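With chain A held as given, fit chain B with the ligands onto it using these hints.
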Amino acid sequence: MSSVTLTVNGRTVTADVDPRTLLVDFLRTNLRLTGTHVGCDTSQCGACVVHVDGRAIKSCTTLALSCAGSQVTTIEGIGTAAKLHPMQEAFREHHALQCGFCTPGMIMAGIDLVNRKGAKVDEHTIREELEGNICRCTGYHNIVRAIETGAAGMAAMKQAAE
Amino acid sequence: MYAFDYRRPHSLNEADLALKAHPGAKLLAGGQTLIPAMKLRLAEPGQVVDLGGIGDLKGITQKDGAIRIGAMTTHAAVAESTVVAAALPGLAALAAGIGDPHVRNRGTIGGSVANNDPGADYPAAVLALGATVHTSKRAIGADQFFNGLFSTVLEESEIITHIDFPVAERFAYAKFANPASRYALVGVAVAKSKSGVRVAVTGAGASGVYRLPQAETALAASFSAKAVDGLKIDASNLMSDIHAEADYRAHLIGVMLRRAVG
Ligand SMILES: Cc1cc2nc3c(=O)[nH]c(=O)nc-3n(C[C@H](O)[C@H](O)[C@H](O)COP(=O)(O)OP(=O)(O)OC[C@H]3O[C@@H](n4cnc5c(N)ncnc54)[C@H](O)[C@@H]3O)c2cc1C
Ligand code: FES
Ligand code: FES
Chain A
1 MSSVTLTVNG RTVTADVDPR TLLVDFLRTN LRLTGTHVGC DTSQCGACVV HVDGRAIKSC
61 TTLALSCAGS QVTTIEGIGT AAKLHPMQEA FREHHALQCG FCTPGMIMAG IDLVNRKGAK
121 VDEHTIREEL EGNICRCTGY HNIVRAIETG AAGMAAMKQA AE
Chain B
1 MYAFDYRRPH SLNEADLALK AHPGAKLLAG GQTLIPAMKL RLAEPGQVVD LGGIGDLKGI
61 TQKDGAIRIG AMTTHAAVAE STVVAAALPG LAALAAGIGD PHVRNRGTIG GSVANNDPGA
121 DYPAAVLALG ATVHTSKRAI GADQFFNGLF STVLEESEII THIDFPVAER FAYAKFANPA
181 SRYALVGVAV AKSKSGVRVA VTGAGASGVY RLPQAETALA ASFSAKAVDG LKIDASNLMS
241 DIHAEADYRA HLIGVMLRRA VG
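Residue numbers (the numbering used here), protein chains in the order written: chain A, 1 to 162; chain B, 1 to 262.
Wrong hints could be hidden among the right ones.
Partial list, computed: chain A residues near chain B (C-beta under 8 Å) [as the list claims (entries may be wrong)]:
| id | residue |
| --- | --- |
| 1 | V49 |
| 2 | K58 |
| 3 | G132 |
By construction, these hints were calculated from the structure, which means they are not laboratory data. All of these numbers come straight from a predicted model, not from anything done at the bench. Cβ coordinates follow ideal geometry from the N, Cα and C atoms, glycine included.
Chain B with its partners taken away, still in its complex shape:
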């Protein structure tokens, strides 16, 4: 790891100032992605701004038909939340399936969404539920937020503060986990609400998380696993790597989709 200066602000405002004063500074949340990346020298920030001291960024509340989750809320806190379990049990289950217990005790929703790893779980929930990502500057809709592998529309000194998930009539996430890392080899999130059905796929797309319009149309007509049985999944925009070929991923999307619909 290269040397860096460390700051631990106690308010969003202080964090904002620290970021602006040091171009290239990196935010540190749970560190479960950033610290391994710094050890490998894939990331070499000169300044690290630890969000761990800002209490306002943690917590889960329910308001106006949405669940609001603070950026620094850990995966374990989401998995164990009675509020999430009652309103969006599929989201609690998703959080409970991330990595392992120790990773879940440190890793945060803000870090996961900001990092937009193509195998990460939360991006699928954000996109399927049509969540809104709130930052220190603005509110960003899920359809605008993700921007290709490990990329989002977040600007250099923009801090995610919380994410609002609209409560759906039905939400479920099914993942085929990489047996070693637990990241999604393929994960499919399905949300059914008054405004329709949204389906998001993670782990598979060559440019990261994406929606599956043909499944959305089929499920809007009839919400059943049968309605999407035999749906042709295009493999041309999927990843091929040492873990799985694009064709296999396409097959798994169909299987996970049917499991998520139930």
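This is chain A alone, in the form it adopts within the complex:
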């Protein structure tokens, strides 16, 4: 066992883990943050996407121990049931999910791409940027629309904060 300390959704946690523990297993099993999903476990689908130090990564392809000292944000850390994050709100508004399995990863990837590409990101770029996220249900159209709307919502939120 090895000890690891990291910050998850603003809370600092320390735990003893088997070195094999993947970040996604640490989040789901140790912290009971089950919003982050495992779709493929082979680094393809993006259902496990979380942010580590502000960047989207696949938590099924990262060791928990490699995240020592890092800031991790999961789907549970971006909004509340009473006040959804603008990207969550946009997914709800555009009906950008059916079974919902891919949704946490899609939302975390959506936020990351807006952080990098800006609020005016166009449809083509959104489609390209979703290369690492697979949805078996929706056919993507509504997801792309939701991210366009979420991008505008994030810009408005940022402006309001300033």
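Frame of chain A; chain B with the ligands shown alone:
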């Protein structure tokens, strides 16, 4: 995944000692190849030495006509670097085309080059630009570094520290990506500098990345897509697999070559 001991050294020296103390130990960079391989039990190291804690291995600088990229620099950092965009925009574009955004946020240039996957993108740039791979032991020229599929001349306990890419007058990389994985079905890198033209092909060769001398000669005489139009590509040393037959790969090499020349 089989059990392993984990180390996270904070200096190259500590990493070196950890490797020497544990024969068979594996270096962990971005983990985007190693972790999937360990899950599949294709790799089963007893000891993993994570390079993520060594700050010196990260970063991009420009010096004496070359771009120096630290081994632990992520694909995303290369893609977004203003230094790379100004000096070798084709290299930034190559990095931006690797896998997907999440893979680019973890995967590193050192890991990609050390792994020498026959479908990987960076090896083509290293070979076409005549880059130098610096390790904990020595400096290795691109022409000596790659050594067949998933193989390089790196020794058991040798760590890539950084790679120096000479700035070329012109450098471009064109890839026909496998639509599922984004690895190169065929990728062609072309570099034109004072010392001549170098062309490297990835994704296709039965023994990995290789140079295309006949294209280099034709382009040295006249640097244009027309000069390599109709160039006969030998398919006998190319891979055939479920993704593409050797003949099709040979055809794609011609197309990607013309696109890279522009
Ligand atoms: C879904 C997906 C899509 C991908 N698509 C592409 C693509 O389109 N093009 C492409 O080129 N690649 C692609 N990759 C691979 C990706 O670029 C990897 O990041 C890369 O091959 C390995 O880099 P890494 O930092 O993750 O290395 P790791 O997985 O950590 O290590 C890989 C190997 O290199 C060794 N190593 C690592 N660093 C060093 C060092 N400094 N010195 C010596 N040895 C070292 C390790 O011991 C290990 O054997 C893809 C990967 C995934 C999961
Ligand atoms: S579960 Fe991580 S990419 Fe599919
Ligand atoms: S909503 Fe079912 S996988 Fe995307």
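So, going through the hints one by one against the coordinates:
1. V49: 6 Å, holds
2. K58: 5 Å, holds
3. G132: Holds - the Cβ of A:G132 comes within 8 Å of chain B, reaching about 3 Å at its closest.
The structure agrees with every numbered hint stated previously.
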